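> Spelled out, the chains give:
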Amino acid sequence: MGNNTARKQTKIKNKLLIFLLPAVIVTILVLVLISGYLSRKSLSEMATAQLSASITNQADNIESWLNENLQNFSTVKLLIEKTQPTAGEMQEIIDANYGFNKYCRDGVYLATGGGTIYQAAESSKKISHPTEQPWFKQGMTRVNMAYGTAYTDANGASIISASGLVDDGSGQLKVIAADLSLDQISIIVNSGVKMDDAAAFLVDISDNTILAHQDPARVSSKLTTSDTDPMMAKVAEQLAARKWDNLTAAGYVIAFKEITETDWVLVSYVPESTIMSDVVKLTYTLAIAGVIAIVLIVLIINFLVSRVIAPLGGITKNIADMTEGDFTIAVEHKTNDEIGLMSSKVSEFVESMRKMLSSINNESKKLKEQSDNSDRVSKDMFEASRAQSDAMQNLNNTVDQLAAAVGEIANNASTLAMVVSDTRDNSNQANISMKETVEISKKGRSDMEQVSAAMQGIKEGNDELVKSINEVGKASEEITKIVEVIGEIADETNLLSLNASIEAARAGEAGRGFAVVASEIAKLAQNSAASADNIATLIGEVHTAIKTVVSQAEISAESIDRNTMLINTAVETFDQIYQNIEKSNELIDLMIQDVEKVDDVATNVAAISEEQAASADEILVTSHRMVEQANNITQSSQEVADNSHELASTSDTLTAYVQQFKI
Amino acid sequence: MSNVLKKTIVVLMVTVLMAVSVCGCGASSAGGGGKGKILLALHDDTDTFLISLVEAMQERANKDGISIDIVYAGNSTDVQKQQLEDAAKAGYSAIICRLADASTTLQMEAAAGDLPIVFINNEPSESFLKPDKYIYVGSFEQDAGRFQAEYIWNGLGKPSKLDVILLKGDQGHSAVEPRTDAVKYFFWDNGVDLNVVFCDYATWSDTLAYEKLDMFKLTEQHFDCIIANNDPMAIGAINWLKDNGYDTHQYLVAGIDATADGRQAVADGDMYMTVLQDTAGQGNAAIDAALALGSGGSLKDVEGSTDNLKYVWVPFVPVTKDNVGSLK
Chain A
1 MGNNTARKQT KIKNKLLIFL LPAVIVTILV LVLISGYLSR KSLSEMATAQ LSASITNQAD
61 NIESWLNENL QNFSTVKLLI EKTQPTAGEM QEIIDANYGF NKYCRDGVYL ATGGGTIYQA
121 AESSKKISHP TEQPWFKQGM TRVNMAYGTA YTDANGASII SASGLVDDGS GQLKVIAADL
181 SLDQISIIVN SGVKMDDAAA FLVDISDNTI LAHQDPARVS SKLTTSDTDP MMAKVAEQLA
241 ARKWDNLTAA GYVIAFKEIT ETDWVLVSYV PESTIMSDVV KLTYTLAIAG VIAIVLIVLI
301 INFLVSRVIA PLGGITKNIA DMTEGDFTIA VEHKTNDEIG LMSSKVSEFV ESMRKMLSSI
361 NNESKKLKEQ SDNSDRVSKD MFEASRAQSD AMQNLNNTVD QLAAAVGEIA NNASTLAMVV
421 SDTRDNSNQA NISMKETVEI SKKGRSDMEQ VSAAMQGIKE GNDELVKSIN EVGKASEEIT
481 KIVEVIGEIA DETNLLSLNA SIEAARAGEA GRGFAVVASE IAKLAQNSAA SADNIATLIG
541 EVHTAIKTVV SQAEISAESI DRNTMLINTA VETFDQIYQN IEKSNELIDL MIQDVEKVDD
601 VATNVAAISE EQAASADEIL VTSHRMVEQA NNITQSSQEV ADNSHELAST SDTLTAYVQQ
661 FKI
Chain B
1 MSNVLKKTIV VLMVTVLMAV SVCGCGASSA GGGGKGKILL ALHDDTDTFL ISLVEAMQER
61 ANKDGISIDI VYAGNSTDVQ KQQLEDAAKA GYSAIICRLA DASTTLQMEA AAGDLPIVFI
121 NNEPSESFLK PDKYIYVGSF EQDAGRFQAE YIWNGLGKPS KLDVILLKGD QGHSAVEPRT
181 DAVKYFFWDN GVDLNVVFCD YATWSDTLAY EKLDMFKLTE QHFDCIIANN DPMAIGAINW
241 LKDNGYDTHQ YLVAGIDATA DGRQAVADGD MYMTVLQDTA GQGNAAIDAA LALGSGGSLK
301 DVEGSTDNLK YVWVPFVPVT KDNVGSLK
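First to last, the sequence lines map onto chains A and B.
The working numbering puts the first sequence at residues 1 to 663.
The working numbering puts the second sequence at residues 1 to 328.
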């Protein structure tokens, strides 16, 4: 119970926290991010600015230091130029100025083009062949003293010299110079750094010599882009390109500054991490502050919510108990405020609930018994109706199958009737065709017979022709005989005439007339013989022609005979065909009679089976309806069963509920 | 929570509105000034270059109806400071200033109050310039030195080794170091073995240049050419060369500024080349910049302005015998 109450309280808190926390967290995160971003930006800007300020300051320091020294040396130079001292005075001036500038250990010194050297007595500087010294050569290139490039002096120290021509109007080449050591410059350079972890070095870009550096080893060495230190290599690169903008490289922020009036560049650098360390620190601080703020806000909300909810604890507990079904509780209602009023109302409520619950309890028990009974009954009913429904379903299936079978038969019978009907039509058609064939074959037979008769006529005609021709032949043979007689007569006549002529000749004159008649008779005999010959020849030709005609007539007769035979054969064949057709015709007639019988039967069967199918359908519909009704009954009884079951379980639940309450 | 949010939004909006209205007022009051008056505060009235620059500016002002007042400080930083303080009260919209001393930039800016200043001729250090507020109009001095070195080197036939005399202007003048350095840088960058045989200040003066070269004579060193920061010093060098028997066609001399004498020397063939500072261009650019800044505008619209909005560069023009005739 206590646990439960705590859970409810946590829920309210959670609700509040769910609304408040994201808003608080987002606000704080946004604040942290914005301030982190801004401060990061401004911190690195500040750091860069600080570096720039530092390097500017350093450069100013270096410039002023260099200028100070230069002024110092120039003063001596000016003194010499103005006073134009003698050799002794020159030495005095130089000695007098020795030690005045603490950075210049060897003091000011001077050499002439002739090789005369003036230097302070206390100076340790060793000078030989002055005109070949770097400071002398450098000094020759200007009148105003200025610094030259770095070099190593006779003592092995790295130095730079300020030098210049002495313009004393003497027309003599004199160079005045003073030295500053690179170590000293390194001290000046590095002491001017005004930033933590920052360092600086000085480079002469005319020959890339490092004039000053924290690392003494680097001093007077050359700076190259192939330096092993990537930062130094990058610096060398920038110097070669003469880019003086700030840049970040190799983990350093680097700044450049030219030293005016020299070829020197001051390089200052600070590790990026130094700049970023502040940023990181700030980010951490902001993050921690944010987390603390969130935790504090959560705690405050927690505390406030708890305080507000505390007075309601008792009632909450009572209500929680009631929720659990415990109505045996006694609600205290001591106070007069809203909470007291609430308590007394709760108490009344508990009292009435108690009464109500006990009556409900009784009623529900009764209800339970009744519903249990009803449940049982409805279950039985359901089982029975389901069995009926199953049986009905089976019947239905059977009828269904029956109807299907009958339908099939009806279909088949109809098809058969149709087929038979078609066959009958076809047979009738065949019968008609067959009869036509019989007629045609009959006609063919009679035509054939006529042909045979005509052929017989032709044969007779031919025979007649042969006979006539043979008679002509006989006649011509007789003519031949006559002609032969004529020929013999003519020959005899001719012989007679010859004899007559001979007699006539013998008779002489008197016979002359007779001789003429004799020759005329000879001539006639000869002509007759010739004509007889001609006739014989002609008759011979006629004879030959007749023979030819006869032989041809015989050939005709032969072929006619053959044709006749063939026609007779055809007639016989026709007869046979005719008989066959006749037989077929008879068979077809028989078949048609049978088919008609089948047709009648099939039509009857079709009609009957259709009727049967219709009846089966009706049965099917009826049985369907019965199945549906059975199913409806089953469903209804199911519903009844369900309802009564539900009623039973409801009354169970009710009983259980009511029994939960402690009264 | 939502109430808090609403309140925050309202506060933010009010703040933004106020800021916008304040800005708007500022802008409109600046705009109300119209073209405004421009004060031309110069260090001195004797500088020849400055005289021609002033002429160019006055010509432009007359043409466009711009009101310009000119004051001279007589080379005194105190006077100049006072003049700028007065200008702030006298209703000028912008100041064009030739500093008497470039190291006093910060004091001059303070003296001018809110007025924008366009510096000319004497270039302040970049750290004292502010975008669209304190700007410098001039020519990029390194270009001048580079032109000198380039032309001389070509004129001498691109030798691999060179002995050079450099004559510098005034010590501390902003143009001296860039011009001189650019000469050195050119030779270094082109791999020339540069030997500076003499390098000293001659304070822009022909006589001083002559004297310095007389001193150089004592050293008896060889030299190939003389490169001077301006034309008068170059003319001094030419005189010295002639007096000492050197042929100016063999010993080449270069100047800067293309002054009348300088142009004459180029035309005569004594000076190998000089470099013209485009005075009309600088004068116009200075006026354009002063008008733009005086009306609350930006340098962006002024031709030749740099990306950081601190400079307007007017290009130099190299002058040789070939083009000297085309200059007036």
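It is worth saying that the hints were derived from the structure and are not from the lab.
Since we're looking at a predicted model, the values are computed, not measured.
One or more of the hints may lead you astray.
[Claimed, not checked] Each computed DSS-like pair below joins lysine-lysine, with the alpha-carbon atoms no more than 25 Å apart:
#, chain 1, residue 1, chain 2, residue 2
1, A, K137, B, K161
2, B, K300, A, K222
3, B, K89, B, K37
4, A, K243, B, K310
5, B, K130, A, K41
6, A, K82, B, K217
7, A, K243, B, K217
8, B, K130, B, K81
9, B, K217, A, K41
> Now tell me if each hint is right for this structure.
Hints, verified against the model:
1. Taking the CA atoms of A:K137 and B:K161, the gap is near 18 Å; set against the 25 Å cutoff, the hint holds.
2. The suggested pairing of B:K300 with A:K222 is violated, with an alpha-carbon distance near 43 Å, which exceeds 25 Å.
3. The straight-line distance between the Cα atoms of B:K89 and B:K37 is roughly 12 Å, inside the 25 Å bound, and the hint therefore holds.
4. With a CA separation close to 18 Å, the supplied pair A:K243 and B:K310 stays within the 25 Å bound.
5. Taking the CA atoms of B:K130 and A:K41, the gap is near 20 Å; set against the 25 Å cutoff, the hint holds.
6. Between A:K82 and B:K217 the alpha-carbon distance is near 21 Å, which keeps this suggested pair within the 25 Å criterion.
7. Between A:K243 and B:K217 the alpha-carbon distance is near 37 Å, which puts this suggested pair outside the 25 Å criterion.
8. For a cut-off of 25 Å, the pair hint linking B:K130 to B:K81 stands: about 19 Å separates their Cα positions.
9. Of the supplied pair hints, the one linking B:K217 and A:K41 is violated, its CA atoms being roughly 59 Å apart against a limit of 25 Å.
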